[in-house]
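J.: Residue numbers (the working numbering), protein chains in the order written: chain V, 327 to 613; chain L, 12 to 186.
Just so you know, the hints here were simulated from the structure itself, not pulled from any lab data.
As the structure is a prediction and not an experimental result, all values here were calculated from the model.
Be aware that a few hints might be false.
What the hints assert, rightly or not - Stretches of chain L that chain V covers, calculated by requiring three or more beta carbons in the stretch to come under 8 Å of a beta carbon on chain V:
id : stretch
1  : 29–41
2  : 75–89
3  : 100–109
4  : 138–148
5  : 159–167
6  : 172–178
Stated by the list, open to error - Label pairs and their calculated CB-CB ranges:
id : chain 1 : residue 1 : chain 2 : residue 2 : range
7  : V       : Asp494    : L       : Glu159    : 43 to 53 Å
8  : V       : Lys428    : L       : Pro182    : 25 to 35 Å
9  : V       : Asn599    : L       : Arg83     : 33 to 43 Å
10 : V       : Leu420    : L       : Asn14     : 41 to 51 Å
11 : L       : Arg83     : V       : Glu533    : 18 to 28 Å
12 : L       : Lys176    : V       : Leu420    : 23 to 33 Å
13 : L       : Pro182    : V       : Leu420    : 29 to 39 Å
14 : V       : Glu583    : L       : Lys33     : 56 to 66 Å
15 : V       : Gln366    : L       : Glu159    : 49 to 59 Å
16 : V       : Ala579    : L       : Ala135    : 47 to 57 Å
17 : V       : Gln366    : L       : Lys176    : 46 to 56 Å
18 : L       : His86     : V       : Lys604    : 40 to 50 Å
19 : L       : Asn14     : V       : Lys604    : 50 to 60 Å
For every residue, glycine included, the Cβ atom is placed at its ideal position computed from N, Cα and C.
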Amino acid sequence: MKLEHIIVIGAGTMGSGIAQWFAQQQCTVELVDNSSEQLQKALSSIHSSWDRLLEKQKLLPQEVTEMKQLLSVKSLEEVSANADLVIEAIIENLEIKKDLFKRLDHFFNKNTIIASNTSSFPITLMSDAVSIERQSRFVGLHFFNPATIMKLVEIIKGDKTSEELCHDLYTWFDQKDKRPALCKDSPGFIVNRVARNFYGEPLRIAESDIESRYKEIDHILKEVGGFKMGPFELMDLIGIDVNYSVTCSVWDAYANEPRFAPHSLQKKMVAENRLGRKTKRGFYTYD
Amino acid sequence: MTNVIYDNLVINFGFASKIEKKIFLKENSDKEIFMDLTCFDPAEFYAEFPQLKGSFSALFCDERKKVEVHLRAPHPLFISKLKELNYSPVETSIISLGFIFPRTIVQIINEAYFAFSENVATRADIDRAMKFGVNYPKGPFEWAKGKEKIVVTLLNELYAKTQDKRYLVSPLLNN
Numbered sequence: 327m328k329l330e331h332i333i334v335i336g337a338g339t340m341g342s343g344i345a346q347w348f349a350q351q352q353c354t355v356e357l358v359d360n361s362s363e364q365l366q367k368a369l370s371s372i373h374s375s376w377d378r379l380l381e382k383q384k385l386l387p388q389e390v391t392e393m394k395q396l397l398s399v400k401s402l403e404e405v406s407a408n409a410d411l412v413i414e415a416i417i418e419n420l421e422i423k424k425d426l427f428k429r430l431d432h433f434f435n436k437n438t439i440i441a442s443n444t445s446s447f448p449i450t451l452m453s454d455a456v457s458i459e460r461q462s463r464f465v466g467l468h469f470f471n472p473a474t475i476m477k478l479v480e481i482i483k484g485d486k487t488s489e490e491l492c493h494d495l496y497t498w499f500d501q502k503d504k505r506p507a508l509c510k511d512s513p514g515f516i517v518n519r520v521a522r523n524f525y526g527e528p529l530r531i532a533e534s535d536i537e538s539r540y541k542e543i544d545h546i547l548k549e550v551g552g553f554k555m556g557p558f559e560l561m562d563l564i565g566i567d568v569n570y571s572v573t574c575s576v577w578d579a580y581a582n583e584p585r586f587a588p589h590s591l592q593k594k595m596v597a598e599n600r601l602g603r604k605t606k607r608g609f610y611t612y613d
Numbered sequence: 012m013t014n015v016i017y018d019n020l021v022i023n024f025g026f027a028s029k030i031e032k033k034i035f036l037k038e039n040s041d042k043e044i045f046m047d048l049t050c051f052d053p054a055e056f057y058a059e060f061p062q063l064k065g066s067f068s069a070l071f072c073d074e075r076k077k078v079e080v081h082l083r084a085p086h087p088l089f090i091s092k093l094k095e096l097n098y099s100p101v102e103t104s105i106i107s108l109g110f111i112f113p114r115t116i117v118q119i120i121n122e123a124y125f126a127f128s129e130n131v132a133t134r135a136d137i138d139r140a141m142k143f144g145v146n147y148p149k150g151p152f153e154w155a156k157g158k159e160k161i162v163v164t165l166l167n168e169l170y171a172k173t174q175d176k177r178y179l180v181s182p183l184l185n186n
């Protein structure tokens, strides 16, 4: 498989991280966004990141120069139509995504792979927005934040995605600095489904809304379990609202299956604006 | 079950049914006992057996040999004996059926089995996803390897106590 020319649409945290990672793999990358201000912000942030790696002697000057040359920022109208892979990393809104895919399908040549970095929407459902000819080359590529550091890419096969394409993508990422996992197009894919109980069960163990209990549970799961972060400090970092929303989304998608049921405290905390680090109050209080 | 005995102090290791654990306690009412209760509710055992001075969970121990320990009262001798046996005790004041770490990971393992049985991904890819997507130290199937019976017992105990269907065991894990 040849993946040399990549287009990433959406210059938010995920999009810019994905663009940076591909440039680090010596791919030509065009990063696209509606907002030129957002594009410049993303470009400046990526350049700063490479400059810091240069200072730390983790990259050579020549490598940084090359990567800066490989990465450009553009509007959608300016990108080349012969890219190997286009990755969408825009807002999680199904209608907006489907409109975009329709445009991408018309714009890019027939061999271009179109991928979505969605964490919430079925790939098969989104593939309805592209032509029948394109559907076999429409796939989910779910990166994890920060995309330059986290090794996993979930490769999600929609009902119409070619198996050969998934296999080739798996091999390509496996040969690079990533650990791919192939998964079926089902709610939460792998991680957002299997990880739900890392949050849900400690909430039930805690029983009461007392900070010292959260601290103790975090401590045990780090010390005994070997987890890098405890569930409560992690939920505070992610955002209680974000975590609650993902939980509800998976719970809804599985027809209110009890294994995914949110805890009443999550809802209460969102209502009280106890959203974690960003509001300085979550399971813990931050000064 | 394996017992390590120091005079009047007995440390009871290993997996056994609730009945076997209780029979052992009944037969040793004159000793100070510390028991691995990974799959059970320490509170239930404490209420029934005053000679049970504390409980611990070692059934999911990895090479680091960190053990979650709950003591009814401080007991430096037991802690020092555990250390002599090359365990690293980590004390908790929270009494929970299945302790904290086992109860959390059996739920993660159970979900991984559900996902695998629904052909969401291979076991290897599920393990890989959890290790490299959210930095878990092990994948759910790596944790479960050889410990399926323990996982099922704990989930069944949780279901029996709470009647909450979130603890129903994946049919694949049950087989």
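J.: State for each hint whether it applies.
T.: A quick look at each hint next to the structure:
no. : hint                               : verdict
1   : 29–41                              : violated (count 0)
2   : 75–89                              : holds (count 4)
3   : 100–109                            : holds (count 5)
4   : 138–148                            : holds (count 10)
5   : 159–167                            : violated (count 0)
6   : 172–178                            : holds (count 3)
7   : V/Asp494 with L/Glu159: 43 to 53 Å : 35 Å, violated
8   : V/Lys428 with L/Pro182: 25 to 35 Å : 42 Å, violated
9   : V/Asn599 with L/Arg83: 33 to 43 Å  : 40 Å, holds
10  : V/Leu420 with L/Asn14: 41 to 51 Å  : 60 Å, violated
11  : L/Arg83 with V/Glu533: 18 to 28 Å  : 19 Å, holds
12  : L/Lys176 with V/Leu420: 23 to 33 Å : 30 Å, holds
13  : L/Pro182 with V/Leu420: 29 to 39 Å : 33 Å, holds
14  : V/Glu583 with L/Lys33: 56 to 66 Å  : 34 Å, violated
15  : V/Gln366 with L/Glu159: 49 to 59 Å : 54 Å, holds
16  : V/Ala579 with L/Ala135: 47 to 57 Å : 25 Å, violated
17  : V/Gln366 with L/Lys176: 46 to 56 Å : 51 Å, holds
18  : L/His86 with V/Lys604: 40 to 50 Å  : 43 Å, holds
19  : L/Asn14 with V/Lys604: 50 to 60 Å  : 51 Å, holds
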